[in-house]
Amino acid sequence: MISLKALGKNPFKTLLIFSSITIAVMAIFLISSVSQGVIGMYSKMIKTDGDIIITQKGISDTFFSNVDIALMQKIDALQDVASSYAMIVGASPIGHIPIAGIYGTTQNHMSHYKLIKGKYPKEGEVILGANLAKQFATVSVNIGSKSFGISGVFSSEIGFEDGGAVMNIEDAGKLFNRSASFILVTSDSPNSTDDIVKKIALLDDEIEVKTTQNFVKEYNQFKIIENSSLVVSTLAFAMGLMGIASVMSMIVNSRKEEFGIMRALGKSRLFIIKNLFFETLIMSVSAYLFAFLLSLGILAMLPHIEMLHGYVNGTLSLSTALYVFASTLFMALFGSLIPAWIASKTDPILLINQGSA
Amino acid sequence: MIKAANISHFYGAEQVLFDLSFEIKSGEFLFLSGESGSGKSTLLSILSTLLKPSNGELLIDGESVEKIKNIDYFRQSKIGFVFQFHYLINYLNIYENIALAALEDKKQNIEKILEELGILELSSRYPNEISGGQRQRVALARALVNEPKIIFADEPTGSLDSKNSQIVYSLLAEAVKRGTTVVVASHDMQIENYATQIIRLKDGQIL
Ligand SMILES: Nc1ncnc2c1ncn2[C@@H]1O[C@H](COP(=O)(O)OP(=O)(O)OP(=O)(O)O)[C@@H](O)[C@H]1O
Ligand SMILES: [Mg+2]
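Going down the list, the protein sequences come from chains A and B.
Our numbering applies: residue 256 is where the first sequence begins, and numbers increase by one.
Our numbering applies: residue 4 is where the second sequence begins, and numbers increase by one.
So that you can see chain A by itself, here it is in the shape it has in the complex:
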């Protein structure tokens, strides 16, 4: 096959196109999948443990929300409410680690964190996520300005939790100076959820009550991550694609002489376009596959990179993969076939002269 020979005889050019396609495709994959992963992880954390979430009115970020924990008693008394618990989420330096997630929870939610060592925390104690625990061999640790005893270690498949610390909500309240970040409520049956939302909303006008599903959908942080990753990955994508198209058209222009010779020998325009099509196809498909595998490899490694404390996770969706594949192919072909088509219209001898000049 003549396309393979052309690729093989120009290893440097081939490598250049190959790597520019690979890098462009990888950038898109990594950026979009890391942001998808972070969103997925956070929403899983909230969704699994309740049907309704109560936050402070007008505060879009759970880190800054403050609701009165006393509300729990009134909520538990409502019809169709199965249970409720409160949490404080915050971030603080822990020992020598500059920043980690701190979760303060009411006793009835403590069992959510699966102990693999030791006991659940009493007042003045914490349990550490398995990933964070690797960093500490001590019996106590400084969080903020206080020293906490380490009573045990838990494990969680959610990266945020596994890299964080859990304590009683009263301790967290003192640390972050609030009553509760949010209250999560479980209803007896899914049908009654909307009803309970309305009733809770009447209890206090300082609060915002939503189903966790709606909350996750509307949560500002997710939107910011989603939008910014969309912008960044679109830019990376556009740059990558433009790179691909321009490298391809440069290559075509540098081969005008060759195309002119072929035309002079009686090869049809179709023959030239067809060969270039296969060259481009082979190159972009293999570069895409290479980038895809590399990205999968990097994504699989992410949770194990110490530096990231398991905070960063990535998932690659099939639709992203297909979309990137289609556009890579399109741009590569667009970049090579258009100039080839234009070139093949030129008189063969002029093409040869342009090429060798």
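It is possible that some hints are incorrect.
Only pairs whose alpha carbons sit at most 27 Å apart, straight line, appear in this in silico BS3-like list of lysine-lysine [said to hold, decoys possible]:
| no. | chain 1 | residue 1 | chain 2 | residue 2 |
| --- | --- | --- | --- | --- |
| 1 | A | Lys522 | B | Lys72 |
| 2 | A | Lys522 | B | Lys109 |
| 3 | B | Lys166 | A | Lys522 |
| 4 | A | Lys522 | B | Lys81 |
| 5 | A | Lys529 | B | Lys70 |
| 6 | A | Lys529 | B | Lys72 |
| 7 | B | Lys6 | B | Lys70 |
Don't read these hints as lab results, they were simulated from the structure.
Quick caveat, the model's predicted, so the values are computed rather than measured.
Given the coordinates of chain A, assemble chain B with the ligands onto it according to the supplied hints.
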């Protein structure tokens, strides 16, 4: 066989061929001579359908070139071209370069022609691995492979010594004997010994 009628050519605003009319009969060995820059390559490109003249008409076997339906097949089967610079494809070896030009049913000729030109043992080398004179012979082999009715050669002996030039001319002369029409553009006056017709160009005009 080839009829040029009032052919003129411009590169941009510069006119390099001036209203040329002449006829080349079948089986002729035409020598196109003239100084450097006189327009030999340009005229040869026009006669071989590789360049469209700015004005005038080219008829091959009585048919206007503009009207030929499948110009690609026409070029491949009827015309052989030896360029002023050999113009081989650098990523194909010698054999493949010739095979690229060959029609399916002419592929069996390749080895015979390489043998005749004394370059058979170079078959699997690449164009940048052989000498300039050898490249010129490969280019000639490529032009001969389809046993075309007309061969155009632009300075085919440009990079050959006089002995090798003689070989090329006699090969062309043999093709003429078999009924092929040959048109050669060159500075080399040796060709006069083989030519049956001579056209002298000066500043784009026939002397
Ligand atoms: N592609 C081009 N664009 C512009 N001018 C050109 C081009 N090709 C040739 N010319 C000009 O046209 C004139 C004729 O050129 P041509 O190549 O036909 O001459 P030639 O007789 O073949 O010369 P040589 O013996 O040096 O090969 C020259 O003045 C040259 O500068
Ligand atoms: Mg010339």
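We went through each hint and held it up to the structure:
For the proposed pair A/Lys522 and B/Lys72, the alpha carbon gap of about 14 Å is at most 27 Å, so the pair holds. For the given pair, A/Lys522 sits about 15 Å from B/Lys109 by alpha-carbon distance, which is consistent with the 27 Å threshold. Proposed proximity of B/Lys166 and A/Lys522 is contradicted: the alpha carbons are some 34 Å apart, above 27 Å. The suggested pairing of A/Lys522 with B/Lys81 holds, with an alpha-carbon distance near 13 Å, which does not exceed 27 Å.
Between A/Lys529 and B/Lys70, the direct Cα distance comes to roughly 26 Å. Compliance with the 27 Å bound is thereby established for this hinted pair. For the given pair, A/Lys529 sits about 21 Å from B/Lys72 by alpha-carbon distance, which is consistent with the 27 Å threshold. Between B/Lys6 and B/Lys70, the direct Cα distance comes to roughly 15 Å. Compliance with the 27 Å bound is thereby established for this hinted pair.
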